Amino acid sequence: MSQAHATDRDPHLHAHLSAFNSAFAELGLRFRWDAQTLYSLASIDGERARIAAYIEAHHPHLLNAYSIDFLSEAILALKNAQVPGEWFGGHVVQQEQPKERSSLPSGWAPDWRDPGLGLPALAGA
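Taken in order, the sequence shown gives residues 942 to 1066; the numbers are from my numbering.
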């Protein structure tokens, strides 16, 4: 199966791509992933590392204003709110919640659009 048509046959891939692209759009980031991008990043261990590698390679200007940790966490929080777990080369691996979040109410996720959080807007992305 070609990677270009992989989303037609893999509902998990399609769901994860849609969730990533929705997260990018919500944050005002002007990039989109397709199946080929996700497959090219699949050899990198962990979604945070994949996001970091992509941003460092294709959008390094963002790192002038934001830390890679901030960008990765913001993207993953929004992506995982829609589709939890990690897509990995054709299958989904459920992720454990970080221990520091265990004291938060179940189902809570930060709303990065909330101006009360005091987070900078992702302008000029």
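Where hints are given, some of them may not hold.
[Stated by the list, open to error] Computed Cβ-Cβ distance ranges for the label pairs, DEER-style:
id	residue 1	residue 2	range
1	Ser-963	Phe-1011	13 to 21 Å
2	Pro-952	Arg-973	14 to 22 Å
3	Ser-963	Ala-994	18 to 26 Å
4	Ser-984	Ser-963	33 to 41 Å
5	His-1002	Arg-950	30 to 38 Å
6	Ser-959	Ser-981	27 to 35 Å
7	Arg-950	Glu-1014	14 to 22 Å
8	Ala-1018	Ala-983	15 to 23 Å
9	Phe-1011	Arg-950	33 to 41 Å
10	Asp-986	Ala-956	32 to 40 Å
11	Ala-983	Gln-1023	18 to 26 Å
No wet-lab data here; the hints were simulated from the structure. This one's a predicted model, so the numbers in the text were calculated from it and none came from an experiment. Glycine included, every Cβ here is placed at the ideal spot set by N, Cα and C.
Now for the hints, and whether the structure bears them out:
1. Checked against the hint of 13 to 21 Å, the pair Ser-963 and Phe-1011 passes, with Cβ atoms roughly 19 Å apart.
2. A hinted range of 14 to 22 Å holds for the C-beta pair Pro-952 and Arg-973, which are about 19 Å apart.
3. The supplied range of 18 to 26 Å is met by Ser-963 and Ala-994, whose beta-carbon atoms lie about 21 Å from each other.
4. Roughly 24 Å separates the CB atoms of Ser-984 and Ser-963, a value that falls outside the hinted 33 to 41 Å.
5. A beta carbon spacing of about 35 Å between His-1002 and Arg-950 agrees with the range 30 to 38 Å that was offered as a hint.
6. At about 18 Å, the beta-carbon gap between Ser-959 and Ser-981 misses the expected band of 27 to 35 Å.
7. At roughly 31 Å, the beta carbons of Arg-950 and Glu-1014 sit outside the given window of 14 to 22 Å.
8. Between Ala-1018 and Ala-983 the beta carbons are some 21 Å apart, a value that agrees with the proposed interval 15 to 23 Å.
9. At about 35 Å, the CB distance of Phe-1011 to Arg-950 agrees with the hint of 33 to 41 Å.
10. Checked against the given bound of 32 to 40 Å, the beta carbons of Asp-986 and Ala-956, roughly 21 Å apart, lie outside it.
11. For the pair Ala-983 and Gln-1023, the beta carbons lie near 20 Å from each other, so the given range of 18 to 26 Å is met.
In this structure, the earlier hints numbered 4, 6, 7, 10 are contradicted, and the remaining ones agree with it.
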